[in-house]
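Enquirer: With the hints as constraints, model all of the structure from the sequences given.
Listed in order, the protein sequences are those of chains A and B.
Quick note, the first sequence lines up with residues 1 to 552 if you use the numbering used here.
Quick note, the second sequence lines up with residues 1 to 166 if you use the numbering used here.
Where hints are given, some of them may not hold.
[To be verified] Taking lysine-lysine and the DSSO-like style, the derived pairs with C-alpha atoms no more than 30 angstroms apart in a straight line are:
1) A:K165 to A:K95
2) A:K324 to A:K411
3) A:K165 to A:K516
4) B:K94 to B:K138
5) A:K166 to A:K95
6) A:K252 to B:K11
7) A:K516 to A:K98
8) B:K69 to B:K138
9) A:K324 to B:K11
10) A:K91 to A:K166
11) B:K126 to B:K70
12) B:K50 to A:K211
13) A:K550 to B:K45
14) A:K12 to A:K95
15) A:K411 to A:K488
16) B:K45 to B:K69
17) B:K50 to A:K550
18) A:K12 to A:K98
19) A:K211 to B:K126
20) A:K516 to B:K11
21) A:K550 to A:K211
22) B:K166 to B:K138
23) A:K252 to A:K165
24) A:K12 to A:K166
25) A:K411 to A:K492
26) A:K166 to A:K98
27) A:K98 to A:K165
28) A:K324 to B:K8
29) B:K50 to B:K138
30) A:K252 to B:K8
31) A:K411 to A:K489
32) B:K138 to A:K550
33) B:K45 to A:K211
[Said to hold, decoys possible] For each label pair, taking beta carbons as the anchor points, the in silico distance ranges come out as:
34) A:P517 to B:Q53: 52 to 58 angstroms
35) A:I538 to B:L20: 35 to 41 angstroms
36) B:E64 to A:V311: 58 to 64 angstroms
37) A:K51 to B:T49: 35 to 41 angstroms
38) A:P449 to B:P55: 30 to 36 angstroms
39) B:A23 to A:K550: 45 to 51 angstroms
40) B:Q53 to A:P449: 30 to 36 angstroms
The set of hints was computed from the structure by calculation and includes no laboratory data.
Positions of the beta carbon are idealized from the N, C-alpha and C atoms, including for glycine.
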Amino acid sequence: MANEYTLTRAEKRFIGWHIFVAVAALAIGSFFGPMQAFNYAGWNFYPQLKKLHIAQSYYQGLTLHGVLNAVVWTTFFILGFLTFNMIYGLKRPLKYPKLNAFGFWMMVVGLLLAAFYILANQASVLYTFYPPMKAPWPFYLGLVLLVVGSWIEGYGFYFTLHQWKKDNPGVRTPFIAFASVATMVLWQLATLGVAIEALFMLLPWSAGLVKGIDIQLARTFFWWFGHPLVYFWLLPAYISWYGYLPRQAGGKLFSDTMARLAFWLFILLSVPVGFHHQFVDPGVAPGWKYIHALLTLSVVIPSLMTLFTVVASLEYAGRQRGGKGLMGWLAALPWDDPIVASQLLAGILFIFGGFGGIVNASYNTNLILHNTAWVPGHFHLTVSTAVTLTFMGISFWLVPYLTGRELCCRKAALVQVYLWFIGMAIFSQAMHSLGLLGAPRRTPLGEAPYIPPEWSGLLLRVGIGGIILLVAVYMYIWIMAHTAFFAKKAAKEVEIQVAEAMTDVQAVPEWLDAWKPWLVGAVALLVIAYTPVLIDLISGMMPVAGPNIKLW
Amino acid sequence: MSSLHIDKHEKRWITISIALLAAFAVLIGVAGFALGVQVPTLDQKIDPTKLDQDPVWSNPGVRELVPGKKYEVYLIAQTWQFVPREIVVPAGAKVTFYVTSRDIQHGFKVLNTDLNVQVIPGYVGKLSYTFDEPGEYKFICTEYCGLGHAAMFGVIKVVPPEEYGK
Numbered sequence: 001m002a003n004e005y006t007l008t009r010a011e012k013r014f015i016g017w018h019i020f021v022a023v024a025a026l027a028i029g030s031f032f033g034p035m036q037a038f039n040y041a042g043w044n045f046y047p048q049l050k051k052l053h054i055a056q057s058y059y060q061g062l063t064l065h066g067v068l069n070a071v072v073w074t075t076f077f078i079l080g081f082l083t084f085n086m087i088y089g090l091k092r093p094l095k096y097p098k099l100n101a102f103g104f105w106m107m108v109v110g111l112l113l114a115a116f117y118i119l120a121n122q123a124s125v126l127y128t129f130y131p132p133m134k135a136p137w138p139f140y141l142g143l144v145l146l147v148v149g150s151w152i153e154g155y156g157f158y159f160t161l162h163q164w165k166k167d168n169p170g171v172r173t174p175f176i177a178f179a180s181v182a183t184m185v186l187w188q189l190a191t192l193g194v195a196i197e198a199l200f201m202l203l204p205w206s207a208g209l210v211k212g213i214d215i216q217l218a219r220t221f222f223w224w225f226g227h228p229l230v231y232f233w234l235l236p237a238y239i240s241w242y243g244y245l246p247r248q249a250g251g252k253l254f255s256d257t258m259a260r261l262a263f264w265l266f267i268l269l270s271v272p273v274g275f276h277h278q279f280v281d282p283g284v285a286p287g288w289k290y291i292h293a294l295l296t297l298s299v300v301i302p303s304l305m306t307l308f309t310v311v312a313s314l315e316y317a318g319r320q321r322g323g324k325g326l327m328g329w330l331a332a333l334p335w336d337d338p339i340v341a342s343q344l345l346a347g348i349l350f351i352f353g354g355f356g357g358i359v360n361a362s363y364n365t366n367l368i369l370h371n372t373a374w375v376p377g378h379f380h381l382t383v384s385t386a387v388t389l390t391f392m393g394i395s396f397w398l399v400p401y402l403t404g405r406e407l408c409c410r411k412a413a414l415v416q417v418y419l420w421f422i423g424m425a426i427f428s429q430a431m432h433s434l435g436l437l438g439a440p441r442r443t444p445l446g447e448a449p450y451i452p453p454e455w456s457g458l459l460l461r462v463g464i465g466g467i468i469l470l471v472a473v474y475m476y477i478w479i480m481a482h483t484a485f486f487a488k489k490a491a492k493e494v495e496i497q498v499a500e501a502m503t504d505v506q507a508v509p510e511w512l513d514a515w516k517p518w519l520v521g522a523v524a525l526l527v528i529a530y531t532p533v534l535i536d537l538i539s540g541m542m543p544v545a546g547p548n549i550k551l552w
Numbered sequence: 001m002s003s004l005h006i007d008k009h010e011k012r013w014i015t016i017s018i019a020l021l022a023a024f025a026v027l028i029g030v031a032g033f034a035l036g037v038q039v040p041t042l043d044q045k046i047d048p049t050k051l052d053q054d055p056v057w058s059n060p061g062v063r064e065l066v067p068g069k070k071y072e073v074y075l076i077a078q079t080w081q082f083v084p085r086e087i088v089v090p091a092g093a094k095v096t097f098y099v100t101s102r103d104i105q106h107g108f109k110v111l112n113t114d115l116n117v118q119v120i121p122g123y124v125g126k127l128s129y130t131f132d133e134p135g136e137y138k139f140i141c142t143e144y145c146g147l148g149h150a151a152m153f154g155v156i157k158v159v160p161p162e163e164y165g166k
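Expert: Next comes the structure, spelled out in structure tokens:
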């Protein structure tokens, strides 16, 4: 079956650039993840890496891993995928392609600027860049450009949707386009916090224009951004699970209506929750921390709705494929198709990521695990598995579509996604357990003098997970490089499998396709959840200059 | 305006989800605000460059308020050590920790307890604990603070009340 709409060569190339930058970042950043895991297991390669001038320290490696994987791989891949959804979903070109191109290249310039300082070991401040540890000011400028560039691409989406709505009065916005715009709106609300931190605090302070900044205030702006950031990663994976996976698995989307409602709830609830990263910060009052804990528990609801809708859609697909009985439908799903398998495996580990997330968010239970290895254990289930494995699955059809070549080595792709799943499961389980025992995160545990002998079995498992993941990630890079540049030209264009809903899309209530009430609600909630604490912090600021020496 | 159609199974699922999360919210609220399993709070703000001029912070360590019953610990985190590194308190006494930083952010976490605070320069965090069992409790820095971070730790020696001060 031929596609209903085709992107132009220029559009394909533009999206391809996004994916190229994303995969290149993953190729570099993912080298250091296993190096950290190996350090835990007692196989420390950092002295050799230093001799070879690859990384000066564990912490430079950790900064590269965090920034390139969690920020660059995700953001660039997401913008590429969402651009595709906008054009293909609305069956029209972007309204201002040059505006989007401008945003993209601004992101690239920002990335290069920040990357230069990280590679020069001038900014080994990790991806949270907590002050008053200080990087040179162009590093922060680079981050600002990266964020503002992404806003501009988002504005390009808004203009495009606006025009489409004008041309199609009364028609419900196609889900993949609606959800892509929703993701960018959430990103806009989230990144306001970090933009304020960078522009009004970090930049003037690191450039020497102001002497000191209030560290508690800076952390508060950071975490205004830091949690919805994870929903910015997650929502594009949800777009794939709702908007593509049901069809890829051989079925239909169970409920278009509930999919949209979930996205609205994310816009409403995912931003005013930042204090759940600050439960042990002294400068925020316990009552406000508890309120953010409640809001965080509320944002679990749309995730549980997603679980229901996705599983229901998959059950329908499994039964269409001849699966019978209570669980037979599950076995009948195409587990041997790398596009589907990657997303199913992503979803399985994400269930455990969700359980852990509830524990993190639960106010006083957070005392046990704040800043322990549990936390990276948790987000390697979410961003590094649920999100990353899904993005890999997307790339298995999107990259062939963009390049006009066949997916190289289908079998290798299948092996790769299972390896990723196994490696992450082993790594993550060990990290969670270490965290419960009190092992700190962001620490080369292989060199720490306080490690009790009973941790050694778990540390070894972290290393074993690292070996499997190192193999899996470079298999992926190899598959991508071949698919993009060398594989056989395909005879026909890849079929785009956008899922149909079981119900009539026009039956979606009008208020689920109206932006204003939800945006007003989201901003109102954000103002209520943050204003009193921000007023309190700003009126009693304790500016700190920090030591003027490089600590890494 | 068309109305919202929700499948009856999904309705049930969402109801159960909301009930479960509401139960969690109540439980952590009761544990926190009624049973005292509490997060750290702010004691005061203090300029980290002036700790040495402060009568209390120039001499960090243990203060005995009520012998055998109530103690305070003033603890400074700095690159890359805790001051003091060793703390001795009796078992069974309520110990209140006041923790601040002299330079950048650090973490203070005592293994096998729920003592955990982000150490923020300019801010003094306050948290309490009663060590019921005598023994050695390590505390470690849990926030990245530069090259020496992994070596930053200390120990709390909890001794039987009758041996304390001997």
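Enquirer: Work down the list of hints and note, for each, if the structure agrees.
Expert: Quick rundown of the hints versus the structure:
Distance restraint check for K165 (chain A) and K95 (chain A): the Cα-Cα separation of roughly 12 angstroms lies within the 30 angstroms cut-off, and the hinted pair is therefore satisfied. Our distance criterion of 30 angstroms between C-alpha atoms is met by K324 (chain A) and K411 (chain A), whose separation comes to about 28 angstroms. Proposed proximity of K165 (chain A) and K516 (chain A) is supported: the alpha carbons are some 14 angstroms apart, at most 30 angstroms. Only pairs whose Cα atoms come within 30 angstroms are accepted, and K94 (chain B) paired with K138 (chain B) is accepted, the gap being roughly 18 angstroms.
Pair hint K166 (chain A) plus K95 (chain A) holds up; C-alpha atoms about 12 angstroms apart against a cutoff of 30 angstroms. Pair hint K252 (chain A) plus K11 (chain B) holds up; C-alpha atoms about 20 angstroms apart against a cutoff of 30 angstroms. Pair hint K516 (chain A) plus K98 (chain A) holds up; C-alpha atoms about 27 angstroms apart against a cutoff of 30 angstroms. As the CA atoms of K69 (chain B) and K138 (chain B) are separated by approximately 22 angstroms, the hinted pair is consistent with the 30 angstroms bound.
Restraint check for K324 (chain A) and K11 (chain B): satisfied, since their Cα atoms lie roughly 25 angstroms apart, inside the 30 angstroms limit. Distance restraint check for K91 (chain A) and K166 (chain A): the Cα-Cα separation of roughly 14 angstroms lies within the 30 angstroms cut-off, and the hinted pair is therefore satisfied. As the CA atoms of K126 (chain B) and K70 (chain B) are separated by approximately 15 angstroms, the hinted pair is consistent with the 30 angstroms bound. Distance restraint check for K50 (chain B) and K211 (chain A): the Cα-Cα separation of roughly 16 angstroms lies within the 30 angstroms cut-off, and the hinted pair is therefore satisfied.
Pair hint K550 (chain A) plus K45 (chain B) holds up; C-alpha atoms about 26 angstroms apart against a cutoff of 30 angstroms. Distance restraint check for K12 (chain A) and K95 (chain A): the Cα-Cα separation of roughly 16 angstroms lies within the 30 angstroms cut-off, and the hinted pair is therefore satisfied. For the hint pairing K411 (chain A) with K488 (chain A), the CA-to-CA distance comes to about 16 angstroms; that is within 30 angstroms, so the pair holds. Taken as a hint, the K45 (chain B) and K69 (chain B) pair is honoured in the structure, with Cα atoms around 27 angstroms apart against an allowance of 30 angstroms.
Simply put, K50 (chain B) and K550 (chain A) have alpha-carbon atoms about 22 angstroms apart, close enough for the 30 angstroms limit, and the pair holds. Note on K12 (chain A) and K98 (chain A): the hinted pairing holds, with a Cα-Cα distance of about 14 angstroms set against a maximum of 30 angstroms. Taking the CA atoms of K211 (chain A) and K126 (chain B), the gap is near 27 angstroms; set against the 30 angstroms cutoff, the hint holds. The straight-line distance between the Cα atoms of K516 (chain A) and K11 (chain B) is roughly 26 angstroms, inside the 30 angstroms bound, and the hint therefore holds.
Only pairs whose Cα atoms come within 30 angstroms are accepted, and K550 (chain A) paired with K211 (chain A) is accepted, the gap being roughly 17 angstroms. About 22 angstroms separates the Cα atoms of K166 (chain B) and K138 (chain B), which keeps this hinted pair within 30 angstroms; it holds. Between the alpha carbons of K252 (chain A) and K165 (chain A) the distance comes to roughly 25 angstroms, so the proposed pair stays at or under 30 angstroms and holds. Between K12 (chain A) and K166 (chain A) the alpha-carbon distance is near 26 angstroms, which keeps this suggested pair within the 30 angstroms criterion.
Annotation: proposed proximity of K411 (chain A) to K492 (chain A) holds, straight-line Cα distance about 21 angstroms (limit 30 angstroms). With a C-alpha separation of about 21 angstroms, the suggested pairing of K166 (chain A) with K98 (chain A) holds against the 30 angstroms cut-off. The straight-line distance between the Cα atoms of K98 (chain A) and K165 (chain A) is roughly 21 angstroms, inside the 30 angstroms bound, and the hint therefore holds. Proposed proximity of K324 (chain A) and K8 (chain B) is supported: the alpha carbons are some 22 angstroms apart, at most 30 angstroms.
Using a Cα cut-off of 30 angstroms, the hinted pair K50 (chain B) and K138 (chain B) holds, with the two alpha carbons roughly 28 angstroms apart. The straight-line distance between the Cα atoms of K252 (chain A) and K8 (chain B) is roughly 18 angstroms, inside the 30 angstroms bound, and the hint therefore holds. Among the hinted pairs, K411 (chain A) with K489 (chain A) is consistent with the structure: their alpha-carbon atoms are about 18 angstroms apart, no more than 30 angstroms. A threshold of 30 angstroms between alpha carbons decides the hint, and for K138 (chain B) with K550 (chain A) the separation of about 28 angstroms falls inside it, so the pair holds.
At most 30 angstroms may separate the alpha-carbon atoms for a hinted pair to count; K45 (chain B) and K211 (chain A) meet this at roughly 18 angstroms. Judged by the Cβ atoms, the range 52 to 58 angstroms given for P517 (chain A) and Q53 (chain B) holds: they are separated by roughly 55 angstroms. For the hinted restraint 35 to 41 angstroms between I538 (chain A) and L20 (chain B), the CB-CB distance of approximately 38 angstroms keeps it satisfied. Between E64 (chain B) and V311 (chain A) the beta carbon distance is about 59 angstroms. The supplied range of 58 to 64 angstroms therefore holds.
Our hint of 35 to 41 angstroms for K51 (chain A) and T49 (chain B) holds, since their Cβ atoms are close to 38 angstroms apart. Take P449 (chain A) and P55 (chain B): their Cβ atoms lie about 33 angstroms apart, and the range 30 to 36 angstroms holds. Our hint of 45 to 51 angstroms for A23 (chain B) and K550 (chain A) holds, since their Cβ atoms are close to 49 angstroms apart. Taking 30 to 36 angstroms as the suggested C-beta distance range, the pair Q53 (chain B) and P449 (chain A) conforms, at roughly 33 angstroms.
In summary, this structure violates none of the numbered hints.
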